[in-house]
Amino acid sequence: AQSVSQHNHHVILSEAASLELGCNYSYGGTVNLFWYVQYPGQHLQLLLKYFSGDPLVKGIKGFEAEFIKSKFSFNLRKPSVQWSDTAEYFCAVMGGLNTNAGKSTFGDGTTLTVKP
Amino acid sequence: NAGVTQTPKFQVLKTGQSMTLQCAQDMNHNSMYWYRQDPGMGLRLIYYSASEGTTDKGEVPNGYNVSRLNKREFSLRLESAAPSQTSVYFCASRAGAYGYTFGSGTRLTVV
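Chains S and R supply the protein sequences, listed in that same order. For the first sequence, position 33 (counting from the first letter as 1) is numbered 33 according to our numbering, and the numbering increases by one without interruption. For the second sequence, position 18 (counting from the first letter as 1) is numbered 18 according to our numbering, and the numbering increases by one without interruption.
Source of the hints: derived by calculation from the structure; they are not laboratory data. Small disclaimer: the values here were computed from a predicted structure and weren't measured. Every residue gets a Cβ at the ideal spot worked out from N, C-alpha and C, and that includes glycine. Don't take every hint at face value.
Part of the chain S face toward chain R, derived, beta carbon under 7 Å [claimed, not checked]:
(1) F51
(2) A101
(3) G102
(4) G109
Input sequences plus hints: build the corresponding full structure.
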């Protein structure tokens, strides 16, 4: 079975501060990893994804994430946050594409509040 | 615009009533999913359809049924709604190893 743990439930930052949201996953085989963002009142949108290759992946809006296989981690980072980054962030793992029907398991989410 | 369309956006039901949530995608994706989102619990998979003609239970299927009507449409039915089914429901579709495209959600309240 696959699972995801997000370490922080609520993070509060001031504008221009750096961001790092923790995500650890559990799965015994090859994984695909994702970060999604949900702005207030909206649906989830894909921020970035990791399939293979370079463990440092870059997504939209200046976000990036690093896959560290030895630590089963996929932390999300942004060097300088903006007020518009206020949202809820979800880490997700999709393991075993051919045997798992592409089911994703989501973490509980981290609410980011950026103060202007 | 291409994407996933869900209807209705909001619904209030009385305990014991039934309803069907509709979902349609126009991206020719094979796989479709229904999740529910509850505060502090992330998203939990209710049912999924790996391809047209197949459906399978997810993590929390009790109280729900689904129909994959064709490649485009995947509906979720509540036969006898209960207050515990108050939630926000998201439909999603997927192509290959890429991430999901989500619909805008249905906010359901059962009183």
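Comparing the hints with the structure gives:
The beta carbon of F51 of chain S is positioned within 7 Å of a beta carbon in chain R (closest approach about 6 Å), and the interface hint is therefore held. The beta carbon of A101 of chain S comes within 4 Å of a beta carbon in chain R, closer than 7 Å, and the hint placing it at the interface holds. Residue-level restraint check for G102 of chain S holds (minimum Cβ-Cβ distance to chain R is 5 Å; threshold 7 Å). Annotation: interface hint on G109 of chain S holds; nearest CB of chain R at approximately 5 Å, less than 7 Å.
The structure is consistent with each of the numbered hints, conforming to all of them.
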